[in-house]
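J.: Hints are included, so try docking the two chains, each in its own frame, into the full complex.
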Amino acid sequence: MDKDKVDQVDRHECECACHGIAEGLIDRVDQIIDKHECEASSLIQVLLEIQSENHWLPKEALERVAERLQVPLTRIQHIATFYKAFSLVPKGRHGIHVCMGTACHVRGAQRVLDAVQDLTGIKPGETDLDLKFSLETVNCLGCCALGPVVEIDGKTHGKMAPAMVADVLKNYD
Amino acid sequence: MARINSSAELEEFRKDILSERDPNKPCISICAGAGCIASGASEVIAAFNAEIEKQGLKADVNTKGTGCPGFCERGPVVVIYPEEICYLQVKPEDVPEIVSQTIKEKKVVERLLYVDPNTGEKATRESDIPFYKNQERVIIGSNIKIDPKSIDDYLAIGGYSALDKALFQMTPAQVLEEVKKSNLRGRGGAGFPTGSKWEGSRNAPDEIKYVIVNADEGDPGAFMDRAVLEGNPHSVLEGLIIGAYAVGACEGYIYVRQEYPLAVENVNLAIKQAEEYGFLGKNILGSGFDFKVKVHQGAGAFVCGESTALMTALEGRAGEPRPKYIRSNIKGLWNRPSVLNNVETWANVPLIINKGADWFTQLGTESSKGTKIFSLVGKINNTGLVEVPMGMTLRDIIYKIGGGIPGGKKFKAVQTGGPSGGCIPEELLDLEVGFDELTRAGSMMGSGGMIVMDEDTCMVDVARYFLEFLTDESCGKCVPCREGIRQMLRILTNITKGKGKEGDIELLEELAETAKEAALCALGKSAPNPFLSTLKYFRDEYEAHIKEKRCPALSCKELIAFYIDPEKCRGCTTCSRKCPSEAIVGGKGLIHVIDQEKCTKCGTCFEVCPPRFRAVKKISGEPVPDPIPEEARTIVRGSKENE
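In order, the protein sequence lines correspond to chains V and B. So the first sequence is numbered by this note's numbering: it starts at 13 and just counts up by one. So the second sequence is numbered by this note's numbering: it starts at 77 and just counts up by one.
Do not take every clue at face value.
Stated by the list, open to error - Derived list of chain B stretches under chain V, where covered just means 3 residues or more per stretch with a C-beta under 8 Å from a C-beta of chain V:
no.: 1; region: 376-383
no.: 2; region: 449-458
no.: 3; region: 570-576
no.: 4; region: 676-688
To be clear, the hints were calculated from the coordinates, so they are not data collected in a lab. Ideal placement from N, C-alpha and C gives every residue a C-beta, glycine not left out.
In isolation and in its complexed conformation, chain B is listed as follows (with noise of 0.2 Å):
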């Protein structure tokens, strides 16, 4: 491939590009995500590929494994073009018949569509599935329709026609003014405005200056960076060549963990390609500008998500944060001026710069503009990423498009903004969607988490959780952070434990205050979150564990027993086969009896008790019922009407 020289090259080069595609052409895309992977797509990609070969198809239809788009809960994810049949949970069986029904017939394969668990109501479309229906898919929703692996699929959807409107048609200091204009705030957490950030860069006297992504997204539960980088990789190096025009670097880098493998892969080879191109390297486009990138993977350390820790990491070192009394678009990465930012900031860049800053401030709120990927995970029934205009309310988001919550159970809370961030309880689920309002409720934005919690959860529990993960990622620079944070963690787990003793939450509270104040970098001052906002809202559960010793919401381990009713158990010995620590006495038409010296409140009993049964309790903060004697054990058939 001849690199591209010139703007009226590339437009005649993608006109090429789309001649030789013919949009009528049957073409069956498969999440190839690490989500559907996991559930299997592999073995469907390669069924596809078997199938098409042996009804000898091969001319007449594409297969192409894509990027995530999102619907992780219903993966593996097929969809096929042109008439956009969207497939969920689709097993290798299932591809012959797609293959002679859809691909040959024409007709849909009814069993495998989406079913609407409300009114019963099938949808065809993707768009008609109410998971997306509600979204706003900006950024994500490229992804189904390209291979991450091919330029072209990117240049058939108009990709790098913004680098080449910002190279061509606009000066560095246009494209600085449009991104300002736009109010675009970084993704990854803190919600800085990227124009200004980017402005400072520019305005430095260094000669030498930096873009950097920041893909080291380690927020357990989110994994939004990681679908757009291995989904579309070339929207993420577009968006950062033109952030390099704007601020006037000549070279970036991309940080990336190494435990996102496929993403460093499909970013290296989107480099290679660029280069090749001439998207990237000396004089891009025949413009005159240059711009080299190079990939750093990450080691494995939450802290390095942090800009100074990061730039420290780049710098070949242990990635500790340094004090920031000078900002890092001043003096960053090798004290030169570096604009950082975001997976999903880089890739709004290019949308906005082709599509005006105009266009984009119509998306969102008054202070938060554009939309914003979210990963809605833990105790909700659609799983997935989900993009959704700024502004729009929690409820919507857990309701509408997350189908709410799974089993009948009822909704205690929503954790948003990772370890930093915190609980948002159900009397705040009209709150707007965006970064001044989720921190005014006591969470944040962060990078755009969204774990749902239900009435099983344990919200000391939940405090203890992150507490231990910042303990285990704190980097012991800063004494706050390394002791500090410590000492909360072994407060907390003591009162998890049922040994929490009256004065423990306000020596928590005295402890995260000092913290917040204290602590060298954003780790650290935000670490007491998790327990301040689940205190504020949830202060009843804490009191519950210290006082009564009991856990309402039966989760922590030590402050819960099993018990067997001797009312409902039908003697199926279904729990007394399935105990892994052969705790529970029983036989065929005997009552089970759980020995509590013996039990580990693994919780299987409790999840194995046929639900027509229901007869495992899980008690909290009350002494256990004494067995029933022997001789009383036997069940009486035919006593009892459900039986």
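With the rest of the complex left out, here is chain V (with noise of 0.2 Å):
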């Protein structure tokens, strides 16, 4: 009985925060939910279908998520934070990805990753106040023989330096 008071609770608070820009992206959860069948096993599965669509995961729709699985919000929340794919914070524009592999590493991807930190102002983990870049280090893109290689919105920058960054940064906006 006192996880229905709960439930009362939170779909109170959805109402009230999520105003106009949840609607459609819960019918969208429910969907997403629907296809695994409501199983509390397919968690991360619907997590992981909710933000390749979405590009993060605003609260409404977690606990929607939660409600739905009958699956209690902080081991959600466990889930989000533990696992890389998931962002708790809206992403810009462009996703600029930096191959920290070892092989890319060897070949001086730290003094590339150190020129995109210069020229973008943010640090891996980050989105700009314009919501135009987020950075991200990855590990091992697979693409070792252009090393060091920057991936930014799945096109791969092969064989990059320092000195070539601002050339391949400016084509975005």
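T.: This is the structure we're talking about:
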């Protein structure tokens, strides 16, 4: 019976916080959950799908998942913070992934990353205030022949050097 | 497509596929693996399709995007059958010439062939290229022949015949016996004998059992599992179904990282096709055996490659490892017996069943049988995936296949086994590659990453790099790993920044010992390996950092400085124009000087200084010479002969 109360509180908070923006999102979350037949063991798969469509996990979406899969919100938060694929904050328009795999590292990836940080003004894991770039480091994109590698919005830029970073970044706005 | 209901129907169907295929019809195979796509393979594929259409050859030639054949260095790779002509680094502009010359006229386009850098000889066929010639490609060799999205392609090269043999000519016990006899050991890291693992699960009393593919390949610099799963997903699936039959499992999982979207796509498609054809589902091939497979995407956590963490993640929770008082093949996923094997291990199974354990044991060494795929990367000429019989020496892999170190640099070490492995120095290059041999040398086989390092790589920095990676990936459940590795990283970072002090090495050794003894899972237990192996073979580098504040490899940023040799600078202004922090003072015909205050040590000047001058120097452990006075900076033309 306590659980019902908690649910009500959650739903109430949800109505306050997500007014408007979440309408379509919650419908979509429901569809994803239905696809996975409401199974609690599919929790990670459900979150991955929401992340891939929405690029981040808003609180309302997590609350909906908790409610429908009957999983405590704390556990969802544990998962959302444990795995790297999930983001609890909105992401920039362009995702920069600097490969820090071993092969890129020995070929000077750190200096490339330094150059990207200098130019964008953000550190790995951060998004700039204009929501233009989000910077992440990744451990091996699997194109070691081209190292050091920087991937932006899925396009791979190979054989990077610090001096090339500015030329690459200016193509994005 | 109707389900195939018997052994005879499968063979009938295979014959139909083969009879519809003309072995003499030209087929253009273009590598569509991640490495080649990054080098522009998609544009090449599009150009081929457009050109074939344009020249009206659509009915006479096939094109296919295939899995990775391994030679990433020279991608995009194009192989033209039936002649097996191999073109490297193909660009969309080359496509019209290839179509009109090779396809229409049957002539070879010489300029796109492989040229041996030592002899200048050209190699026309893929198998003539030294990179391939010295390999034994039993697993990855099929990649270039098949479209991973076509089950018919897999059937055409004899796919699912091992499953057919296992189901109709062997009992589960015989399958298990064959795998045990083959001495196949797990390709994911620890090298546990696969047969024993299966036997434990088979004999466990529980009715419900699971088989799982570990495709959470997280080692930085290793991508062979992805190449197999992307390029030939049915081979892994076939191995998994045979394994399920042997241990008596009726449900299987493929745990694949979401960072590999193409692998996820191809394996999902493969499962769908296998279900339609009757290789999965109820009553497989009419044998009465039922088995189904589900794909689970990992959400980005390195520790999930560990067996118990992976199973926890499969249950829909945060992937933290569990203590292994009882092995997971007895109590694993949902406390049921669960056989977890790596992608490459599963891909070996159909080969062992088809060709027999005796064939398999011919390859390899006494304790390590078969072949192993390595990803040969770093400071190496031929970056790529190489599959060699166990027991080949590191020297042969690096020099005969890998083509040695680029730029005439000196080899320093090769790092094997990923973050849990270690560095092997030059004096051990004749080491035969095998599970036990590598462990004895202080490293490990791991999943097969092989990162070559040359004289410019700082070994202290390499140890720091791996510990940084592991600190980030530690799940935080046990103290020795969560706190111990973090402290090791702090000390190592200080050393690379020139803040090392006497006693640091001893303290690191003590922390390493504790983590090795007390950590909960393999991630923590093996985390000190990168430090221990570099200390064992490169102690002098640690001491130079601590005592002399010098980085012998001239790599640690805080310990080096860039300096322009006034004798060699010819005032070409290249460096001052390229310097991102405007730290170089100079002008046309003036000797350039680096303002050490402004310099961010990005190394751009060092890279762009024309090789005929080589005026920019890196120095470490010594003070930067004073800049020459401004009045002496004018370069007198003609005074130097080399100008």
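J.: Now tell me, hint by hint, if it's right for this structure.
T.: Against the structure, the hints come out as follows:
Counting residues of the region 376-383 of chain B whose C-beta sits closer than 8 Å to any C-beta of chain V gives 3, which meets the bar of three, so the coverage hint holds. Evaluation of the coverage hint for the region 449-458 of chain B: fulfilled, as 4 residues show C-beta separations to chain V shorter than 8 Å, against a requirement of three. With 0 residues having a beta carbon nearer than 8 Å to a beta carbon of chain V, the region 570-576 of chain B misses the requirement of three or more and the stated coverage is violated. Remark: the region 676-688 of chain B is confirmed as covered by chain V, as 6 of its residues place a Cβ nearer than 8 Å to a Cβ of that chain, reaching the required three.
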